[in-house]
Structures are given as C-alpha cells and as structure tokens.
Amino acid sequence: MFNNIKFLPLFGLCALLLATACEEEPFPIPELSVGSRRVLVEELTGVACTNCPDGAKELQSLQNSFGKENLIIVSLHSAGFFSNPLPDSEFDFRNPNVDALVSFLGVAEGYPTSAINRYFKPGNQTIYLNQPNWAGTVQEEFEKDFGLGLFATTTYDSTSRVLNIKVNIAPEETQPADVEKRLTILIAQDSIVDAQIDKGVKILNYMHRHVVRDVVTKSDGDVITEALPAGALVTKTYSYTIPADWVAKKCSIIAYVHHAGNPDKEILQSVEVKVIGN
Amino acid sequence: MKHLYLLTFLLCFAQGLFAQNNSNPNARVTGNLQSNGNFFISDPRVGASNTPQYDYQKFGAETWMNLNYSNWGFDFGLRFDMFNNSNLLNPIGSYSDEGIGRWYVHKNIHKFEFTGGYIYDQIGAGIIYRAYEERALMIDNALKGVKIGYNINDNWRIKAFTGRMKRQFDEYSTVVRGGALDGFIKLDSASSISFAPGIGVVARTYSEVTVNQIANTIATYPPQDSIGVQFNTYAASLYNTMTAGNFTWYAEGAVKSDDVMYNPFEPTATGGNGKLINEPGYTVYSSLTYAQEGFGITFEGKRTENFAFRNSPDQIAIQGTINFLPPMARQNTYRLTTRFAPATQELGEQAFQLDGKYAINKRMSIGINISDIYLLDGTEIYREIAPEFTFKKNRKWQVLAGVQMLKYNIFVYQAKRDETDKEDVLGFLASGEADYVEALTPYAEFLYKLSAKKSIRVEAQYLRTDDEFGSWLNGVVEFGWAPHWLIYVSNMYKLKHDESKEYSSDKTKFDDIHFPSIGAVYSYRANRFSMAYVKQVEGINCAGGICRYEPAFNGFRLNVNSSF
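Protein chains in written order, with our numbering: chain Y, 14 to 291; chain D, 160 to 723.
These are calculated hints, taken from the structure and not from any lab test.
As the structure is a computational prediction, the values presented were derived from the model and not from experiment.
Note that the Cβ used here is the ideal one computed from N, Cα and C, for glycine as well.
Possibly wrong hints are sitting among the right ones.
Here are the simulated lysine-lysine pairs, BS3-like style, with alpha carbons at most 25 Å apart [as the list claims (entries may be wrong)]:
(1) D:K660 - Y:K212
(2) Y:K134 - D:K303
(3) Y:K215 - D:K668
(4) D:K575 - D:K666
(5) Y:K212 - D:K575
(6) D:K694 - D:K660
(7) Y:K215 - D:K266
(8) Y:K212 - D:K666
(9) D:K575 - Y:K70
(10) D:K668 - Y:K212
(11) Y:K215 - D:K666
(12) Y:K215 - D:K575
(13) Y:K215 - Y:K287
(14) Y:K215 - D:K655
(15) D:K217 - D:K694
Chain Y side only, calculated, beta carbon under 8 Å to chain D, not exhaustive [as the list claims (entries may be wrong)]:
(16) I42
(17) P43
(18) G48
(19) K70
(20) S74
(21) L75
(22) T139
(23) N146
(24) A148
(25) D203
(26) S204
(27) D207
(28) A208
(29) K212
To be clear about the criterion: a stretch of chain Y counts as covered by chain D if any three or more of its residues have a C-beta under 8 Å from a C-beta of chain D, and this derived list gives those stretches [stated by the list, open to error]:
(30) 80–88
(31) 161–169
Please model the entire structure based on the sequences and the hints provided.
Structure below.
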C-alpha cells in the first residue's frame, strides 16, 4: 500500500515547510512619535450611528496619546440617514456645506469610519478607513512631512458675533507648482450635549465632541493660486458670523491645505485655533 | 481605452477559438455569462434612498464573462469582469471597474499537473485554506500564483501552491503558500469500509508594509494592551472521511500559530472596545451521517477559537479571508426563514447541528433540523428548531409544511440592540430577553401540476415576533410553463404593531408597508433570462455562514445567465 519512494515528495514538502517554520526575530515596536506635520482626522458620524461612539472613544484615546496640538479631530455629521436627528434631539448637526464636503471625499464603507489626512490607502476603494486602520495610519502619517508651515489667528467680536480668520501659509520647502493645492476652513463646536444612539441604546445626554457646524471656505476648498516656494508667506483672510445659538467659546476653526485630485486629496498640513482665547 | 482593447482582444480570441473548435475535433471551447442589471427607484419610506444609486446614478450592473479552451493537453481560461455603479462591494457606495477578473493555464504531464494564474482550491473542508468565489456576496479570493500537483498513485495525491490572493482587480501584498496530501484507503476490495485521509499546511507571510502598520498601531496602545507582531503565521489541518456501509464520518482538526487579529469586542485599557490581539487558534469540526433508503440523519459539531485567518488584520467582515469555517445552521430557502441567519463567529463559537429526514412511505416524509450555537463563554447566540413535513399525491400535487422556532442574538450578529419583549412569542422556549430575536415562523408550500407542462406553486410564511421590526407575512404565487416560462408574484407585508402598546418609531417604521415583487423567467436551453420589479426590505444575505448587509431595494432587476 505504501511505497517509500513514492512518498518522497511528501517528506520533501514537510521538510521544506518545517525548515521555514523557524522562530522569527522579534519585530520592534516603534516609540510613539509626532512630527512637524499634524494629523487631521475627519470622522464621519451621526446621532443614529450606533457603532460610532466606540469609534469616537478610540479617536479620543489617540488624541490623548499624541496631544491635541498634534492630532486634530473633527466630526462630520453627514452619514446619510444615520445623521438624521432623533425625536429627542435638540440640535440638528447636519449642514449642506458639510454634506458637500463629505460628498467631495467619497462614499464610506460602513461605520465607524474616518478619513486620516485624507490618505487614500492603496487597494482601498474609498478614502475612508475603518476602525482597525486608524491607530497605525495616524502613527504613519506623523512620519510624513511635506515641509509646509500653516498658522492661523482669530479675532472675535462678541457683540456682532463676527469672527475674523487669518491664515498664513509658510512653506519651508518649495511646493510643486503642477499640483493644485486648496485651503479648507471648518468651524467646529466642542462639547455639545444631546441625544445619541450607542450600540442600540439611546443616550440623552451624550457629549458630542468637535462637531463641524459649517465650512467657511468652499466645501471642496478654495484654490491657492499663489506659488509656494520655500520661504514664501501667503496670507488668506476670512470673515464669518457665528450664529446666535452656537457657543462661541467652545468653537474653533480648523484650517488645512490639501490636494484636490482623484483620488489624491491628501492633507499637507493642518492647524486648529480656538475662536476665543487663542 | 485599455479595457476596450482588452475586450476586443477577448472577442477576437473567442472568435478564433470557435473557429478552431469547428475545425479541430480535439479543441473544446466552453464558457458562460452572468450579467445583472439593477434600475434603482428611490423610496425613502422603505430606506431605498441616500445612496449614490438612488440619488443620481439610477443604474448599476455586474457582469462576469468566462471563456475556457482546451487543446493540446492544455486548459486555458479567461474571464472578463465588469462592475458599473455596483453596490455589491459596498452596500452604501458605488463601485465601477472592469478588466480581466481571472485567467489560468493548466497542464497535465504524466502524473504531474501544473496550474498558473488565478486558482480556486481548498484544503479539507476549507478550515485552513479556501480560495473561492461567491458572487452574490462579492467574495472572490482566488490565489494568483502557481499550483503543482502530483498523483503518487491511484489513491494518493499531493499538491503545493504559492501566490497572493485576489482583491478585486488587484492582489493583497501578503504571500500565502501551502500544500496538502490527500489519499484513499480501502481495507480490501470486498470491504465496505474506506478512509479518505488528508493533511494540509498553510503559511501566510505579511508584507513589510502590513507589519509596519501593525507595529505602528501597537505603538499607540498603553503598555497593558501591547502585543507582539510576526511576519509569519502557520496553520495545519488533519482530516479524514471514513465511510462504513451506511455511515459516513468526517472529522477535521486544525491549529494555527500566533496570529495578529482584530477583535472588535476586546476591551481596551482606555475603556473602549476593539483592538488587535496576537493569539494562536484552533478549530475542530466533525459530522456523522447515517443514510439508507428512506432515512437519513446527520449530526455535526464544531468548536472554534481565534481562527480568523486573513490577508491583513485591518480587513473586516467578508474581506480578505484566507479560509472558510463550516456553517452550523442550515441554509434556509424561504424568505422569512432566512431573515435571521447566523454568521460564523471566527473568533470563538461552539455549535452542534442535527438534521434528519425519514420517509414514512412513498408519499409522506418528515424531517427535523436543530441547530444550537454558543459563544465560548457559554452564551447561547443562536437556536433553530425546524420540523418539516412533506406529502406527495401521485405526481399531481405535493405539499410541504413546517415551522421554524428561532432564538437569535441580534446584538452579536448585527450589532443591533433590542429591548425586552412586550409580547413573549415563544414562552415555552425562550423568555423574550433583550438583544434576542425570538420568532415563530410557520411556512407551507403547495405545488400543483395543472398538466404535463404547466404547474402552479404557492408558498406562504408568517414570521411572528415582537423583536426587530415585528411580525411579517410573505406569500408567493409562481406559475410554471415548461420548458421556457416561469412567472411569479410575491408580497411581503409588515404587520402593524399592537397600538395599545408603546413601541419606538424605529420598530414601527415599516408597519403596514407592502414589499411586492413581480417577475418572469425565460429559459431556453442553457440560457436563462429574468426580469422583475422588486421592493425589498433591508436585511442580511448569507451563503455558507458568510453574511453581508443587504440594503433595501426598490426598482427593476434584469439577469442573464448563459452557458455555451
């Protein structure tokens, strides 16, 4: 029944596989590090998105690890019917300009999901990344640097509720002239207490963090027509009237310079500045 | 433009092949075409809205066109895949791409066989390795590589393979290699006892990019959550089918070395859920069948721990799988009995299933299916008991009737919460617990032959439950006119909740809504054409324990299936 010679291939196969099944050298886990380029996470969410609070917790944990000045989180309430207000909702976080921004980025593949520096991962069909990808991608994004400085200041008149925004784009390295760059400015409000579905349970006093209330620029960004050689300084100014029902002291502006290609919409640099007290 | 050249080449190639086929008796050309076209009509009331297809695209299609050619001892295959605004890959998105979905070359030389290209294959039941295609779920993880097989003798065969697995029109960066030895042993020629043993091994090597990403993820964990990472994971499996008279016994045991997997339920030190783990795993599975004329019974058992085996730990749901774990619930066929199908829990489950059929006489038969699935901590997540009865009257008519008694943990399977029942449907079996769907679904099917060529089939189901959206009715009337036509009308109706009780708007949103379908199927030889208007509620679509969220649909569907 068994012929030793004919089973030689079997022994050869086993020997080959066993020989390669050796102990590996331990792969080094890097130290947490940040760079001069900040990371912006655009979280796609909604008050009826039952899995999103878990995602929000992870993002908050990452922000605690890397620091608020390095990792910026914004929450875009434009997740289709998941963003429709609940019967108990006091606020409607939806905004047509935010919808247009999300539409510019593309379609998500389930929730929780976020765009991280609008990095389009090779092999993916969408710019949005699901939760298992977030931590590693954030760390990898800190290792990249496009040599672009970005600074912003705000002045706010509490009587007229007019917010003046000044953004300085200061390239440290010459930016390629053949790739279009755009500037997008969001205005977000932090710590809004309202209803949220969390794993099927309605929480009436959920703390909504960094909710994007509006887009100050065009939703797909304002084109930067100026050249950006090393050492240049390009200044952009904007005015925005904060609606009466927003809490100005909890608001901040988030400005970022990005590409606008398809699929390359990568964010080169971002900055967050509070409306009051910056 | 390159796809136009490719299609032109494909058509010319096919034309050449057909010409060869006609002139060369040794040449053989076969092929098949499957094409689906969906016309989307927005209906926000049933949730058929807020996706690109409903909002502005209005049309989506998928096509697979396969050509196979055999000559000179070679087999060649080529398949053209096309996706236009398709929601198969992402149920709430739109995917468009086209190109060569598969090609292969296969050759037998004496006792050797060689295959290069995109290869579908499996080891044993697929527990450590299965490269396969399930189009309705958008699963196609063919191995792009090479396979070599050797027939040691008439009863023993060995094979080895290496390559990278398919990901739409690209491949994962992970390298998968493996091999198996399969045999057949019969004690002697007169014996009714035989064995078909096998052993298989698979090794998966992550790319540097993947390992770097994992390491960067681990770097963000607090020390108490930190794990290691390795490039290689090994899996081995031992399996055997023993046949002894009317008995057939299949058993398979598989082990896997340390593997980085994503566990969405793993608690983190920061109070959340969901992190990478690095653990070994195992699966044991067995099925015992006794079959004789008029009677058959099968008993299956399975236990799985940490047996997610993927091309990358960031791939979730049905993406990136290397293996296939056998499902432990039957594949139901009626619309309401398939509503709550259990997806295989690759990180941990234990289950048994019993399926029996007995023919009382030539006209009557009874059957029962019992399936019970638990998490490893003992939490029951699925239980199905389904007795069934069939009666045939000569060749004139037959009736099938049964009932499905179901307990289904909707939080584990669909991440949905469900409050404690206001109305206990299955008090004798379950207690209306929160997060469980308890449902009783009687069903019946009646088939009547009007004449030698004409028949009518009627089926009806009533899903009675207080959970998810509540109770449903479903009915189908199908008229068959052999050999070509099949016409059907169906309606699924959402019964209204008891207005004396308070239910959330989410539970009652489909109350009193009809979900009709009407369609026709025309078959001619090996060709099948179908057209239907369909309105269907959201749900999950499962095949073999692999499930995918199926969004609500309202519109027209066209399908073509043709073999040549």
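Problem - Structure versus earlier hints - violations, ascending order - result: 6, 7, 13, 18, 25, 26, 27, 28, 30, 31
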